[in-house]
Structures are given as C-alpha cells and as structure tokens.
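Protein chains in written order, with numbering that gives the first Met the number 0: chain A, 0 to 143; chain B, 0 to 253.
Keep in mind that the hints were calculated from the coordinates and are not lab data. Wrong hints could be hidden among the right ones.
Said to hold, decoys possible - Have a look at the derived ranges for each label pair, beta carbon to beta carbon:
| no. | chain 1 | residue 1 | chain 2 | residue 2 | range |
| --- | --- | --- | --- | --- | --- |
| 1 | B | Ile25 | A | Ala25 | 41 to 51 Å |
| 2 | A | Ala98 | B | Gly36 | 17 to 27 Å |
| 3 | B | Gly60 | A | Thr61 | 39 to 49 Å |
| 4 | A | Ala9 | B | Gly60 | 33 to 43 Å |
Backbone N, C-alpha and C define an ideal beta-carbon position, used for all residues, glycine too.
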Amino acid sequence: MTISGVALLAICTLLGGLLGDLLGVALGVKANVGGVGIAMMFLIAARLWLVRHGVLSHGLKTGVEFWGSFYIPIVVAMAAQQNVVAAAKGGPIVVIAGAGAVAVCFAMVALIGRLSGRVETMDEIESREAIEANVPHFKSGRVG
Amino acid sequence: MTMISHILAANALITAFAAVGILMWISGAISKYLTFGRIHGSAIAIMLGLLLAFFGGITTGGEKGVADWPALTGIALMGGAMLRDFAIVATAFEVDVVHARKAGLIGAVALGLGTVVPFILGVLVAAAFGYTDAESLTTIGAGAVTYIVGPVTGAAIGASSPVIALSIATGVFKAVIVMIGTPFVANMIGLNNPRSAMVFGGLMGTVSGVSGGLAATDRRLVPYGALTATFHTGLGCLVAPSILYFTVRAIIGS
Numbered sequence: 000m001t002i003s004g005v006a007l008l009a010i011c012t013l014l015g016g017l018l019g020d021l022l023g024v025a026l027g028v029k030a031n032v033g034g035v036g037i038a039m040m041f042l043i044a045a046r047l048w049l050v051r052h053g054v055l056s057h058g059l060k061t062g063v064e065f066w067g068s069f070y071i072p073i074v075v076a077m078a079a080q081q082n083v084v085a086a087a088k089g090g091p092i093v094v095i096a097g098a099g100a101v102a103v104c105f106a107m108v109a110l111i112g113r114l115s116g117r118v119e120t121m122d123e124i125e126s127r128e129a130i131e132a133n134v135p136h137f138k139s140g141r142v143g
Numbered sequence: 000m001t002m003i004s005h006i007l008a009a010n011a012l013i014t015a016f017a018a019v020g021i022l023m024w025i026s027g028a029i030s031k032y033l034t035f036g037r038i039h040g041s042a043i044a045i046m047l048g049l050l051l052a053f054f055g056g057i058t059t060g061g062e063k064g065v066a067d068w069p070a071l072t073g074i075a076l077m078g079g080a081m082l083r084d085f086a087i088v089a090t091a092f093e094v095d096v097v098h099a100r101k102a103g104l105i106g107a108v109a110l111g112l113g114t115v116v117p118f119i120l121g122v123l124v125a126a127a128f129g130y131t132d133a134e135s136l137t138t139i140g141a142g143a144v145t146y147i148v149g150p151v152t153g154a155a156i157g158a159s160s161p162v163i164a165l166s167i168a169t170g171v172f173k174a175v176i177v178m179i180g181t182p183f184v185a186n187m188i189g190l191n192n193p194r195s196a197m198v199f200g201g202l203m204g205t206v207s208g209v210s211g212g213l214a215a216t217d218r219r220l221v222p223y224g225a226l227t228a229t230f231h232t233g234l235g236c237l238v239a240p241s242i243l244y245f246t247v248r249a250i251i252g253s
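With the hints as extra help, turn the sequences into a complete structure.
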C-alpha cells in the first residue's frame with residue numbers, strides 16, 4: 000500500500016525531529032540538533048531491514064519515492080517565499096562565499112588526486128574492457 | 000477576475016503545486032534552449048524562485064516573498080519547514096549502503112572535507128561581512144555546503160529569513176559555478192577517472208551541480224560523482240545544526 004510508505008516516512012521524520020529536539024534540550028540550546036539527518040538514518044535503516052526481510056513492497060516504495068521526487072519543487076517553493084529583499088542588501092556575500100567554496104573544493108580534488116597516486120582513466124578502463132570482452136574466458140566477472 | 004482569485008486562494012496548496020510546476024516547465028525550457036543543458040533546470044527554477052520572491056517583497060512590502068500575494072499563500076505551506084523536511088528525508092530512501100561501500104575511505108574523506116571546508120569558508124566570509132551571531136554565521140556557512148543544508152540548518156537553529164535567503168542563494172550560486180566551471184578545470188584537477196569523480200562528488204556536494212558539471216565533462220563519470228554527492232546533503236543536515244553549530248558557538252563564545 001502506498002500509505003505504508005508515506006507513513007513510514009512520516010514516522011521516521013517525526014522520530015528524527017523528536018530526537019533532534021531532545022538532543023537540543025540535553026545540550027542546552029534552543030535548536031533542533033540534526034533532526035533531519037537523524038531521520039534520514041532511520042529511513043536508511045528501515046529500508047535495509049525491509050530489504051533483508053523481503054517485505055519491501057512496490058506500494059511502500061512508491062509512497063516514499065513520490066515525496067523524494069517532490070523535493071526539488073518544494074525547494075523551489077521554499078526559495079520563492081524567502082525575504083530576498085532583505086537578503087539582497089548582503090549581495091556580495093553570496094558571490095564571494097559561493098565562488099570561494101567552489102575554488103577551494105576544486106583545489107582539494109586536484110590535491111587528493113595527486114596525493115593518492117595514479118589510477119586508470121575512463122578511456123583506459125574502456126579500452127581494457129574492450130580487449131577483455133574479446134577474450135570471454137578471462138573476463139573479470141564482478142563477485143558479490 | 001474575483002472568481003479566479005477566489006478559487007486560487009481557496010485552494011492555496013493546489014495553486015502552489017500548479018505555480019511551481021509551471022515555473023519548473025519554464026526553467027526546463029530555459030535550461031534546454033538558452034543554456035543548451037549546461038545549467039540544470041532545477042538550479043534555474045530555484046533562481047527564478049528567489050527572483051520572484053524579490054519582486055513579491057518589493058510589491059507587497061512583506062517578508063514572505065511571493066507568499067505575500069493572496070493567490071500564492073499556498074507557497075508558504077508547500078515550501079515550509081514541514082513538507083521540506085519530509086521531502087528531504089525521503090531522498091535518503093535512494094541511498095544504497097552497498098554502493099556506499101564502493102566509494103570507500105577516499106569517498107568518506109572527500110565527504111568530510113566537502114562539508115567542513117566550504118562551511119569554514121562561508122563562516123569566515125559571513126564574519127567578514129559583519130555577522131557576529133552564531134546562528135547567522137552557521138547558516139551562511141551551511142549554505143556554502145549546499146542550498147539544502149543552509150535552510151535546513153537555519154530553520155533548525157532559528158536564523159532569520161534574510162539570512163536563510165542568503166544561504167540558499169550562496170548554495171545555488173555554488174551549484175551553478177560547479178555546473179558551468181567543471182568542464183574548464185577538469186583537465187587541471189585530473190577529473191578523468193572514476194575515483195577522482197567520486198572525490199569530486201563528495202567535495203562539491205550538490206547533486207545537481209555535480210551531475211550537471213560531470214555530464215558536460217564526461218558523461219561516463221556521472222554515476223560515480225552522484226554516488227558520493229547523494230550522501231553530502233544528509234551528512235550536512237546531520238553535522239551543520241549540531242557539531243558545526245556548537246563549534247561556532249564555542250569559538251565566538253556566545
């Protein structure tokens with residue numbers, strides 16, 4: 000049933016929110032501490048459990064995935080109801096923080112790539128696989 | 000005319016679905032015909048949403064963007080914290096733990112750095128612009144992680160709407176630069192193999208930015224980048240309103 004998926008999602012969201020609030024109280028802040036993240040972990044755990052016990056039905060999946068696919072439209076609606084006029088006064092902060100974050104992250108990709116040594120490029124993998132495909136006996140089958 | 004506005008206002012949430020849907024069609028068309036697929040339709044839609052919120056604010060003098068127009072009050076419900084958190088949690092359903100193992104240690108390192116490094120940068124920029132409270136600093140820092148982590152964090156720790164709008168705009172701007180810039184720097188940063196694509200996905204985060212940027216670089220790399228990028232938002236939503244927020248609070252001493 001579709002509703003079981005929606006209900007599962009709702010229960011995970013509520014539990015996560017509750018734990019986030021409790022964590023906030025425990026830590027002495029007026030905030031929801033990581034509630035959405037905790038709820039996501041519940042949902043991942045629930046999915047694992049359902050798959051292991053073979054009870055992940057199509058309807059249940061539909062119920063959760065519909066809301067998952069609805070996330071970009073909801074984010075658009077969220078953007079459309081912000082106080083952008085007030086934010087526009089802080090204009091350059093957007094450009095500097097956004098561009099700065101990208102520049103630093105590009106540099107980190109290059110750095111991690113250099114530090115961890117050379118690996119096969121996509122072209123090399125494809126040409127190797129093309130050769131292997133011609134020798135079916137030695138084709139590297141994926142285990143597990 | 001009054002009949003139309005009556006039916007729109009009486010079905011506020013349904014009107015919001017229709018309005019956002021139309022906005023997304025327009026954005027899809029702009030993405031396809033004006034940017035030739037370079038910039039993802041979803042990023043254009045979010046930018047148009049922010050732009051409309053700006054006009055909404057100017058014409059009504061209110062604080063809730065387009066939701067201050069009587070016919071579009073449903074946008075406030077659709078984009079409010081309740082449905083937003085619900086939809087974001089739902090995206091975790093597509094996370095496959097088996098796939099996560101494939102990314103391995105290097106993916107995890109990239110994810111950690113991809114959350115903390117942009118956050119620190121965002122906080123520093125916000126501080127340079129005169130923000131001094133932990134809530135605003137954390138929210139803008141979280142916006143530099145992704146445009147989802149920003150508002151989720153802001154709502155959780157109680158930041159103001161202008162600051163949340165700034166964090167969304169920062170995240171969207173980041174996603175757009177990733178989409179446009181990636182093909183130009185791909186060679187320089189060694190983006191030609193699955194492993195560096197996974198590192199790239201973990202560091203950059205935004206799934207739309209990563210998949211758009213990698214698609215323009217080398218279509219075969221997209222699944223590897225998306226693999227790590229999907230964990231980025233979840234991790235950000237977990238650590239930004241908790242560990243990172245407390246760290247900021249401890250440092251500025253409020």
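The hints, checked one at a time:
1. A hinted range of 41 to 51 Å holds for the C-beta pair Ile25 (chain B) and Ala25 (chain A), which are about 46 Å apart.
2. For the hinted restraint 17 to 27 Å between Ala98 (chain A) and Gly36 (chain B), the CB-CB distance of approximately 23 Å keeps it satisfied.
3. Range check, Gly60 (chain B) to Thr61 (chain A): Cβ separation about 43 Å, and the 39 to 49 Å hint holds.
4. Separated by about 37 Å at the C-beta atoms, Ala9 (chain A) and Gly60 (chain B) satisfy the suggested range of 33 to 43 Å.
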